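Below, each chain spelled out in residue letters.
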Amino acid sequence: MLLKRGIAVSPGVAVGPAVVLGVETFRIPSQYVRVDAVESELDRLDRALERISTEIGENEQIAADRLGAQYGAIFAAHGQLARDASFQDEVRAYIRKKNYSPEFAASRVIRKYTKALQEMGNPQMAERAADLFDLEKRVLRELLGQGRDELKNLTDPVVLLAKNLTPSETASLDRSKILAFVTEGGGRTSHTAILAGALELPAVVGVGRFLSDVAGGETVIVDGQRGELLIDPDEETLADYRRRAEARRTESIRLQTYRDVQPRTRDGERIFIMGNIEFPEEVGHCTDRGSDGVGLYRTEFLYLQGDAEPTEEEHYDAYCKVVTAMAGRPVVIRTMDLGADKVSDSMRRGIAGHLDSALGLRSIRLSLQNLPSFKTQLRAVLRASAFGDVRVMFPLVSTLLELRQAKMVLADVMEDLDEEGIEFRRDIPIGMMVEVPSAALRADDFAREVDFFSIGTNDLIQYTLAADRADPDLANLYSAGDPSVLRLIRWVVEAAARHDVPVTICGQMSSDPKFLPLLLGLGIRQISVTPHVIPELKDLAGRLEVAGCEGVAAHAEGLELARDVENYLRDEVERTRSGRPEPDDRAALVRPKSKRSDHWAGAAR
Amino acid sequence: MSDERNTAASDVATCTVQVGNPDGLHMRPITLVTQAASRYACSVSISKGETDADAKAMIQLLTLAAACGESVTVRAEGPGANEAVEEIAALISATSPD
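Protein chains in written order, with the working numbering: chain S, 30 to 634; chain P, 576 to 673.
Calculated directly from the structure, the hints in this document are not laboratory data.
Possibly wrong hints are sitting among the right ones.
Derived list of chain P stretches under chain S, where covered just means 3 residues or more per stretch with a C-beta under 8 Å from a C-beta of chain S [said to hold, decoys possible]:
#, region
1, 598-608
2, 627-638
Simulated crosslink set (BS3-like; lysine-lysine; CA at most 27 Å straight-line) [what the hints assert, rightly or not]:
#, chain 1, residue 1, chain 2, residue 2
3, P, Lys623, S, Lys127
4, S, Lys192, S, Lys166
5, P, Lys623, S, Lys141
6, S, Lys126, S, Lys206
7, S, Lys126, S, Lys166
8, S, Lys126, S, Lys141
As the structure is a prediction and not an experimental result, all values here were calculated from the model.
Virtual Cβ for every residue (Gly too), placed ideally from N, Cα, C.
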């Protein structure tokens, strides 16, 4: 068994035979042969190798005659490789001793050597692997003969493994025959990731080199949640994953029934659960699950495609797609939230300093220094606001001055649109992310100047604890359960309530079910989450009572360590799910019930 | 070409040479080496460091990954060992396979 890790881009678990695409387009139909077929399979191998040898010999002659001896020699090398006695012996040994099929055995042997070549750390030698892949291709083509089985003719569902997938390749795949994707290349925003997400297939990308470690037909497990690929798993692991995949299927069928359910607590409090999206294509995941809106539409992908800055029309088209699909439900569009390292050269003009720093020139700070680009985005947002409930949100606001500047630019753009006679929603709600501690601490001041808050816990945790969220060594420090984080959230929620400003929580914290009772207890009624957890959260909300949640929050706030908070919340959710009653002493901790309950509806107009 | 050569009574020969081809021991020189080695009845091996490859097995030679200037040892045992080592060492140290 071999474990490979990559970037988890689309959740779910799949178990199935591997199809390796890109290096070979052949599918090995069976891994084993019957014991009594071994001799005839060995004959089949010999005949195939003989034909290859003859074919290569002919090619060698043709190339030598037409192009010169040195070109013929390329084929001579390939021919020699096919006739190589030690190679043939190894393949035969696999067929004889392990009952492998000739296809699987040959693939296995060749992969062993290509892997060795690639691991030498010598780029020249790694390229030699191409010669071996070429041999594998020939052998498989010959062995499979007319029965050659390409991706288009799949009969049973498979796990697709590839170096990279082009969008057209992916689009032409038979959805019912592909269980999951894993690619060597790609990132969170690669096409494969987008498509896997849109198709809701489990997917892992950016694994790095692994194709030479797996032979076609071998059983693999893809865990799209953890970002793992398990090659040739042992029986125990396999059984465990099959159970999990089955449980997940059963659960997702049950949760589908939540589509038309309005999320409410057991005592009738309405909870608004919205979706976070990055690509317009993802809006379907929200509508399919009866989302109350798009609580966070990240617009960064527009800036990451190609070298040029996105045009107003590109922004506008993307926004309109989402706004139209949400049919009147709120869509919160967040303006560009990138560091200077991610934007095009034209936007970065004249900027010095550390481009990739989380504490640097990024997000709203960058927008305010690149007014033409900022205005382009705001124009598109405003134009889209004519078609639905669009709200605009500024990220990473840390001072009042920044907020006022951003609002001023927005007012300028409105004026321009007015002059041009272009329609937009004049009273478009304006909000800000609360993700810098300075903004959280001054929530009272900010609340006077915005229509809504959205607490971005990912950055708020990072900045509060001074812990880089991408640094695995700081995983213990970076915790949503840290008392300092809870205190800031409580502070922001109370300040917002004083000014009648609704608060949403977006970020990973709200997508994690164990935090739901805490957040409800802190007074949060709106969350924006990864779309696929919406049904689960609806289900959980229905099992909670506001008073109980307030008790949970009060108890959690009394704990001193992040670890204790997280453990406590985990136990609480387990208890709720299993339907055990609350401990009696909880009532003593309950805070007075807030008179305001429907923040989100209050912001609508 | 050769910096060391021993010939024992029982027809064993060894010779250490440096790879001459600028691209190292890649497909083309390996093809020539295996073709040459296959003509001899004796066993011929080529080793680099700890790794040992049968000179008649192309796939094994490939994984030796011997780069230009690296030293490899050719060893033959059996009838014609001397001639085999001489011919193969010459092929490996040649700057061009042709």
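To see whether the hints hold, each was checked on the structure:
Counting residues of the region 598-608 of chain P whose C-beta lies closer than 8 Å to any C-beta of chain S gives 7; at least three are required, and the coverage claim holds. Counting residues of the region 627-638 of chain P whose C-beta sits closer than 8 Å to any C-beta of chain S gives 8, which meets the bar of three, so the coverage hint holds. This hinted pair does not check out: Lys623 (chain P) and Lys127 (chain S) have alpha carbons roughly 31 Å apart, beyond 27 Å. Taking the CA atoms of Lys192 (chain S) and Lys166 (chain S), the gap is near 16 Å; set against the 27 Å cutoff, the hint holds.
Of the supplied pair hints, the one linking Lys623 (chain P) and Lys141 (chain S) holds, its CA atoms being roughly 19 Å apart against a limit of 27 Å. Among the hinted pairs, Lys126 (chain S) with Lys206 (chain S) is inconsistent with the structure: their alpha-carbon atoms are about 32 Å apart, more than 27 Å. Between Lys126 (chain S) and Lys166 (chain S), the direct Cα distance comes to roughly 24 Å. Compliance with the 27 Å bound is thereby established for this hinted pair. For the hint linking Lys126 (chain S) to Lys141 (chain S), the alpha-carbon distance of about 17 Å falls within 27 Å, and the restraint holds.
Going down the numbered hints, you'll see the structure goes against 3, 6, while the others check out.
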